[in-house]
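> Chain by chain, the residues run as shown.
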Amino acid sequence: MIRVVLPAHLRRLALIDGEVKLDVPGEVSQRSVLDALEASYPMLRGTIRDQDSKRRRAFIRFFACEEDLSHEEPDSPLPAAVVNGAEPFLIVGAMAGG
Amino acid sequence: MSGVRVLVGTRKGAFVLTADGKREQWEVSGPHFSGWEIYHVKGSPADQNRLYASQTSGWSGQVVQRSDDGGKSWTPVGNKFSYDGTPGTHQWYDGTPHPWEFERVWHLEPSLDDPDTVYAGVEDAGLFKSADGGDNWHELPGLRGHNSGSSWQPGAGGMCLHTIILDPARPSRMFAAISAAGAFRSDDSGETWRPVNRGLHSEGIPDEDAEVGHCVHRIAMHSSRPEVLYMQKHWDVMRSDNAGESWREVSGNLPTDFGFPIDVHAHEPETIYVVPITSDSEHFPPDGRLRVYRSRTGGDEWEPLTAGLPQQHCYVNVLRDAMAVDSLDDCGIYFGTTGGQVYASADAGDHWAPIVRDLPAVLSVEVQTLP
Chain A
106 MIRVVLPAHL RRLALIDGEV KLDVPGEVSQ RSVLDALEAS YPMLRGTIRD QDSKRRRAFI
166 RFFACEEDLS HEEPDSPLPA AVVNGAEPFL IVGAMAGG
Chain B
87 MSGVRVLVGT RKGAFVLTAD GKREQWEVSG PHFSGWEIYH VKGSPADQNR LYASQTSGWS
147 GQVVQRSDDG GKSWTPVGNK FSYDGTPGTH QWYDGTPHPW EFERVWHLEP SLDDPDTVYA
207 GVEDAGLFKS ADGGDNWHEL PGLRGHNSGS SWQPGAGGMC LHTIILDPAR PSRMFAAISA
267 AGAFRSDDSG ETWRPVNRGL HSEGIPDEDA EVGHCVHRIA MHSSRPEVLY MQKHWDVMRS
327 DNAGESWREV SGNLPTDFGF PIDVHAHEPE TIYVVPITSD SEHFPPDGRL RVYRSRTGGD
387 EWEPLTAGLP QQHCYVNVLR DAMAVDSLDD CGIYFGTTGG QVYASADAGD HWAPIVRDLP
447 AVLSVEVQTL P
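Note that the protein sequences, when read in sequence, are chains A and B. Residue 106 is where the first sequence starts when you use the working numbering, and the numbers rise one by one after that. Residue 87 is where the second sequence starts when you use the working numbering, and the numbers rise one by one after that.
Mixed in with the good hints there might be a few duds.
[To be verified] Short, incomplete list of chain A residues facing chain B, as computed with Cβ under 10 angstroms:
| hint | residue |
| --- | --- |
| 1 | 112 |
| 2 | 113 |
| 3 | 114 |
| 4 | 118 |
| 5 | 119 |
| 6 | 121 |
| 7 | 123 |
| 8 | 147 |
| 9 | 149 |
| 10 | 156 |
| 11 | 157 |
| 12 | 163 |
| 13 | 195 |
| 14 | 199 |
[To be verified] Short, incomplete list of chain A residues facing chain B, as computed with Cβ under 10 angstroms:
| hint | residue |
| --- | --- |
| 15 | 117 |
| 16 | 151 |
| 17 | 152 |
| 18 | 153 |
| 19 | 168 |
| 20 | 180 |
Hints were generated in silico from the structure; no laboratory data involved. Where a beta carbon is used, it is the ideal one built from N, C-alpha and C, also for glycine.
Based on the sequences and whatever the hints tell you, model everything.
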């Protein structure tokens, strides 16, 4: 299972308490994780990435394993520690965003 | 017993304020959607329990919420606002072309007779419609596609479509206002539009009497006389007696004719309210005195209403969507400030008292009169 941590304002929007655990089919990438997340929580569509272009919103960042993955290609594989569930995929509101 | 429900949007959440018809004791619910900017909350005239809210944030963009129980519970609905076709460009602040980009929903206007139909005025200026309770939105592209669209440019707050008025006597007629493009009217249910700005005069644009380019801040109508419109422009308070075909200034003896909101008494269509603000760079009341001005003559002659409002050291603003009226026998007037106060008058403005004093900055105030 893939572990995803959302910022507090999106947890409230999606009525999520704590981490999200997702079953992500196929290769685990930013795109496949976000596809699975939005399929489970449709109210998150458009709040993390644009609904048409799928581009990450400017004030949202993606971290994992103490690395900033925000500028990785959407289809690049996520680190093995995220894939095996040892580390969460962090979706973070940038400090300048609010 | 009758009552009122005041719907307040703020910089950090929504609040619902309720009272019985006396409007003396208030219950405060909220914050709803805490931490998000709530640009507007409005109830359906056809179903008092159906509410819509525009929820936005710098981090996560636009969410639209719907309530079917008068604001006790909410459900996120559709938030995909895609401009029709290739959006093209409008003018940026410096006059250069800038692509149309959706930023947020400023104003939600539910249909007069169908709770599932609602219009959204958005930044960058466009008009959207949902016929399924907000689940899906489509643009009415005739407005943005007007041949003047490429010349529109943003006001200081962004290029927002902030006012939508539905004509109760002619269901196919609607009005929209955009900062800083001006007022527009459709007579075919939003399919086609034309500017209705004749008589407006604006310094700061190359042609001061141009067909478009005016920074209209708010338009108000009384449902019994839909041909009469009142406008608070960037500078000037204006009036039209022919559904926008022409306007004349009615600023009269106001201490300053800059301001944002304008509204009409529920039972007296010639009684109107504004909140004069010092200037476009000084967004606070003149002399630090918060005064609502009332005209009982449809403009020109104004009286200050001060009882219960701070008359010294007050430097708040009242934004364009932050004034509303109820329709009880003694008409109630409400407005919210950027200092977080929501003031109410249960006697048409003669006396005021704060319902709440310390909310986040108030962006919008709407009122529902409950049976």
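> So, for every hint listed, does it hold in this structure?
Status of each hint after checking the structure:
no. : hint : in the structure
1   : 112  : holds (7 angstroms)
2   : 113  : holds (7 angstroms)
3   : 114  : holds (5 angstroms)
4   : 118  : holds (6 angstroms)
5   : 119  : holds (8 angstroms)
6   : 121  : violated (13 angstroms)
7   : 123  : violated (18 angstroms)
8   : 147  : holds (8 angstroms)
9   : 149  : holds (9 angstroms)
10  : 156  : holds (5 angstroms)
11  : 157  : holds (6 angstroms)
12  : 163  : holds (9 angstroms)
13  : 195  : violated (14 angstroms)
14  : 199  : holds (7 angstroms)
15  : 117  : holds (7 angstroms)
16  : 151  : holds (5 angstroms)
17  : 152  : holds (4 angstroms)
18  : 153  : holds (7 angstroms)
19  : 168  : violated (15 angstroms)
20  : 180  : violated (23 angstroms)
Consistency note: the structure conflicts with the earlier hints numbered 6, 7, 13, 19, 20.
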